[in-house]
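With chain A fixed as given, assemble chain B onto it according to the hints.
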Amino acid sequence: MKKICSILLALVLLIVPMTLSVSAAGDINANEQKIITELKKELEIGNKKFALPKEYVTQAENYLKTVDVNEAQANEIIGYIEDGEEILIAEKITGTTDLKTLPVAAKQQILDLGKKAVAVTGATLTFDGKNVVIKNAEGKVVFDAAPVVKQTGAEVDFTAIALSVLAVVAILGGAIVVAKKKSLFVK
Amino acid sequence: MFSGDLGSDDNEIYNDVFTHNSLLGYEGTVNASDITYPTYGSIYGEIEIYTNNTVYKVPLVFGDNNAMLRRGGGQYIGSHFPGEGSTILVSGHNTNYFNCLKHTKVGEFIEIKTNYGKYKYEIIDVSAKHKTDKTAYDLNAEKETLVLYTCYPFDVVGYKVNRYFVTAILVSGPQIDPYH
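Protein chains in written order, with the working numbering: chain A, 1 to 187; chain B, 188 to 367.
Isolated chain A, as found in the complex (with noise of 0.2 Å):
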């Protein structure tokens, strides 16, 4: 399901021409805003509703904060939403559970969408079987399909560790060898 939501989102994010500077305007403009609401439109499927997760239109929210998108490139955009949204309204998808059930064709269908958009900006959509991550042109990532929350444990390099055991190791082996030779052993 994430990843065909992933890709769906890809086709937002990354036609999004990304000549324009990061720096630009923060703000959101109503062209902008216009997406944002498409992304966050439930979509009608038989009795079912279909919505992207929240933290997924939140990820494209934050991109479009670092740039600025004209009325063109919005409807451009907006049309590439719609032609995800027909493949789901296609394959009678009423449900995000349903997604997995998506035919290998029509998933084939919207990876392929997501990667020509993802050609059309200069950004790169990778897909590794497991999660899409979206970069900009500079490289940036700006989608990230991982879970929610990440693993922050403690930092374990097993290299550094087994090196102190086998120094342990040569240490007291070396000093077993030197107390057998100053006969420090009782027998």
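FYI, nobody ran anything at the bench for these hints, they're computed from the structure.
Here a beta-carbon is modelled for each residue, glycine too, at the ideal position from N, C-alpha and C.
One thing to keep in mind: the hints can contain errors.
Claimed, not checked - To list a few chain A residues with every Cβ distance to chain B over 10 Å, as calculated: (1) Gly26; (2) Gly46; (3) Tyr80; (4) Leu88; (5) Gln109; (6) Asp112; (7) Gly129; (8) Glu138; (9) Val142.
Unchecked claim - Here are some chain B residues pointing at chain A (derived, C-beta under 10 Å): (10) Thr223; (11) Tyr227; (12) Ser229; (13) Arg258; (14) Gly261; (15) Ser273; (16) Thr322; (17) Leu326; (18) Lys330; (19) Cys338; (20) Gly345; (21) Thr354.
Coordinates of chain B only, in the frame set by chain A:
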């Protein structure tokens, strides 16, 4: 590190946008167009955690992969910025930057200094929950909430399924006008 990208992005050049500005206050409104938003991996603020009779200062990074968590507290890029009136979700390692979370108590304060304003939050909850427990944070919140988390328990080495969440609500800070 246990998770996948140890070492990645460590050689990247980050465009940090945070500078201390004593003139910035805790009130008023700030136009979004006046803000220099951070790009992935850049430091755009500083978190100050007031607990254990100490002020723990943690750089605030936009992005939360392993490389970013070695730089400070990492904001999930699908969460909001301070002043936007919703949830700011920040993670940190329990061995360094967020080890201090184990001392935090309800009623204590956390501040965030950014390049566009200062924000003060009051802790309303501290609790350990499973990492997949979505009741620990609400990314749809319509009330500004700061959520800091780290792996739990603190003194056990290795992969952990639980997280220690510190939730705080906004006390004061300039609101961002997103349309100007």
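Against the structure, the hints:
1. Gly26: 4 Å, violated
2. Gly46: 24 Å, holds
3. Tyr80: Tyr80 (chain A) clear of chain B: closest Cβ-Cβ about 20 Å, beyond 10 Å.
4. Leu88: 22 Å, holds
5. Gln109: 26 Å, holds
6. Asp112: Answer for Asp112 (chain A): holds, closest chain B Cβ roughly 25 Å.
7. Gly129: Check passes; 14 Å lies beyond 10 Å.
8. Glu138: Nearest chain B Cβ is 7 Å from Glu138 (chain A), so the label is violated.
9. Val142: 7 Å, violated
10. Thr223: 6 Å, holds
11. Tyr227: 4 Å, holds
12. Ser229: 9 Å, holds
13. Arg258: 13 Å, violated
14. Gly261: 7 Å, holds
15. Ser273: Status holds, d = 8 Å.
16. Thr322: Violated - the Cβ of Thr322 (chain B) stays beyond 10 Å from chain A, reaching only about 12 Å at its closest.
17. Leu326: Check passed: Cβ of Leu326 (chain B) comes within 5 Å of chain A, closer than 10 Å.
18. Lys330: 15 Å, violated
19. Cys338: 4 Å, holds
20. Gly345: Holds, because the Cβ-Cβ distance from Gly345 (chain B) to chain A comes to roughly 7 Å (cut-off 10 Å).
21. Thr354: Where the cut-off is 10 Å and the nearest Cβ of chain A is about 14 Å from Thr354 (chain B), the hint is violated.
Checked against the numbered hints listed earlier, the structure breaks hints 1, 8, 9, 13, 16, 18, 21; every other hint is satisfied.
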